[in-house]
Amino acid sequence: MKKHWRILLWVLWLVVAALGIHGFASRMLEGHRHANYGSYIIWGLWVSAYIYFIGLSAGSFLLSSMIYVFGVKKLEKIGRLALFTAIVTLFMALISIWFDLGQMFRAWRMVTSPNFGSMMAWMVWLYSIYTVIMVVELWMAMRADLCRWQSLPGPKGWVGRALALHRGPLPPEKERSCQHWLKVLAIVGVPLAIAFHGGVGALFSTLSARPFWHTPLMPILFLTGALVSGGGLMAFVVAALYPHRNEEQRQIVAYIGRAVLGLLLFDIVLEWAEFSVPMWYGVGHEYDLLMRVLFGDFWWVFWVLHVGLGCVVPGLLLAFRGDKVWSVGLAGLLIAVTFMTVRLNIVIPGLLDPHLQGLQNAFTDHRLVFWYVPSFFEWQVTLFIVALGTGLFYLGYRFLPLTCPSTAPTPANP
Amino acid sequence: MNTENTIESPAAAPNQARADFDRAAFLKAGVILAGAAALGAVALVTSKRTRISNEPTGEASVRQVPGLDSVPVGRDSDPLLRMQKELARAMAKPVKQRHWMMVIDTRKCVGCHACTIACVAENKLPPGVVYRPVVTEEIGRYPHVALRFTPRPCMQCEQPPCTPVCPVKATWKRPDGIVAVDYDKCIGCGYCITACPYNARTRDAGEFYTEQTPALQPYEQQPNFEYGKHWKRQGHRSPIGNARKCQFCLHRLEVGMLPECVTSCIGRATYFGDGNDPESLVSELAAKPNALRLLEEKGTKPNVVYLI
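Chains as they are written, first to last, in our numbering: chain A, 74 to 487; chain B, 139 to 446.
Just so you know, not all the hints are guaranteed correct.
Quick list of in silico lysine-lysine cross-link-like pairs, BS3-like style, CA-CA up to 25 Å [stated by the list, open to error]: (1) Lys397/A x Lys150/A; (2) Lys436/B x Lys311/B; (3) Lys146/A x Lys166/B; (4) Lys247/A x Lys166/B; (5) Lys436/B x Lys262/B; (6) Lys223/B x Lys234/B.
Simulated from the structure, these hints should not be mistaken for laboratory data.
Sequences are here, hints too, so could you generate the full structure?
Rendered as structure tokens:
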């Protein structure tokens, strides 16, 4: 990357981080006071960010499982990068939802006294198991390289000595054992990732009080969304950060691009069902809410950001320029970033409009309204999470063997 | 013996090794997943069957409260006197045998909002929190309008959708029908708030009505006594950050007082009592043919009945 681009990115990151730290301090000291969500629209930007990041994580993880479970050779060299992306985005998701809690420092109660009848308790437990599996998987995938790094000078040597848990080169039998358990964990991770991300959809869709969410399609929509957005993110990450600009990179990116295009088309079919079925005859509570999504004050979020920049432009890029690294990377970035609008358009409309018409006029209070736009403070906290996540990703990219897979023999070539 | 199975060509060996490797991995993963699924099923069933609260339910829950013994009370007496007497009768029973109900006669409600404000004062409710708003519907076009008022406390549903969603067992249905919240356990995730079709739950954002004025007024700094405890709102302490809701003034019932919204109603439009007492006013009124419940199609079976 050219020097002036690097400086520009650093400046941008510092601005985001500075704004974010201010928001973080404000959240810790003053709680929810500066947030615009209230008692009726109880969930806003942060919950949307949570399901957005968790979707990116599940999508990246499932991509990594294509390598470790299904043995897709073409993607072998980005397995660790996909796993690390999944870990970082999961971390961002959990921070987002942690900030949304009214009593942040009681989050541990989810572990010590969970109600397993609640989808939310399941989420926390599944995330915890998922985190452990991903971290161990990544460590096993990197271990041989970490051992090799031990003799290097500087930070790489320190990282190798600190994390390898073994002195000297890794013996072949240990490496085989690592690969074996890596595969076991990756297999366990697939149903787990499907369960937890389908479960996030179920967290919403099990609520009979919210007809907008209460649809059996919701968990499936969440899963497909995860694959599309996570796949898009990985396309961008590989296009931008793969260490070699060669034919190998082009093939990997093109492969992910084709998968993302297929998933995007499938997601559009599901979305059509999600919108057209309740809207067809133009009657009912859900119809009113969907009309507000399509033609309300925030129509541009749906039409411009989601349909235009999130579906049409990347769809065309992937379909007609799917063999070019830059176009697939750009399409992936557009899909990944604009998917946040899909999440916002799930969370907020579901809480608009009371069942008891007239409730909005019953008690005049700025937190007892059925109207919501995120405050600057809420964006600041989200920027904090973005700065934290990108910072963490950068550190991992610089100081972990994420992009240079081991060349040791596999069990197929003993 | 079939010798073909025991003799392998050199080229087949790596494939065989790969297949063995895959088979062993899938087998181990299958065992881990089956074990995890079994554990999950046990956790789910156990959670569904476990009683959340350890509040006393037997004789320890009996209360001898003043029952206006010196005042003659008959069926034609002021409803407040009759309900007071019935309250004392109900509190003399163990909590399991009580079944609190509220009846609201919408024909008598004039939309004065006294109940809303009395509730705010009783429970020291901050901005953003309201337990009993009076829903106002306008019928017709101004100036030719009619108004309909529907006070909306918590419905204390028989099948509350808000309690099973709590991830930390901080809210539950008591044996007397009241849906309670333990502020010390609630993590403020808001899931129960989204689960209530009546919007009867709100979250305390930690604000004060007078915080932008020259002085924070003392009335906002007083503790409230919900659930019979002493809750002073300051800093990040509960109930700040928690889900809050109407609990039929449980703390008042425990000392023999009717809910604040009942005593403050200027038109005697709100009735309260024990639905398990066939002689009670609420039992009598709830059985009227013009009684209905809000959003009955949601299947929540509310314990608040409206007379229309």
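Hints, verified against the model:
1. For the given pair, Lys397/A sits about 19 Å from Lys150/A by alpha-carbon distance, which is consistent with the 25 Å threshold.
2. The hinted pair formed by Lys436/B and Lys311/B meets the criterion: a straight-line CA distance of about 18 Å does not exceed 25 Å.
3. As the CA atoms of Lys146/A and Lys166/B are separated by approximately 23 Å, the hinted pair is consistent with the 25 Å bound.
4. The straight-line distance between the Cα atoms of Lys247/A and Lys166/B is roughly 18 Å, inside the 25 Å bound, and the hint therefore holds.
5. About 31 Å separates the Cα atoms of Lys436/B and Lys262/B, which puts this hinted pair outside 25 Å; it is violated.
6. Between the alpha carbons of Lys223/B and Lys234/B the distance comes to roughly 19 Å, so the proposed pair stays at or under 25 Å and holds.
Of the numbered hints listed earlier, the single one contradicted by the structure is hint 5.
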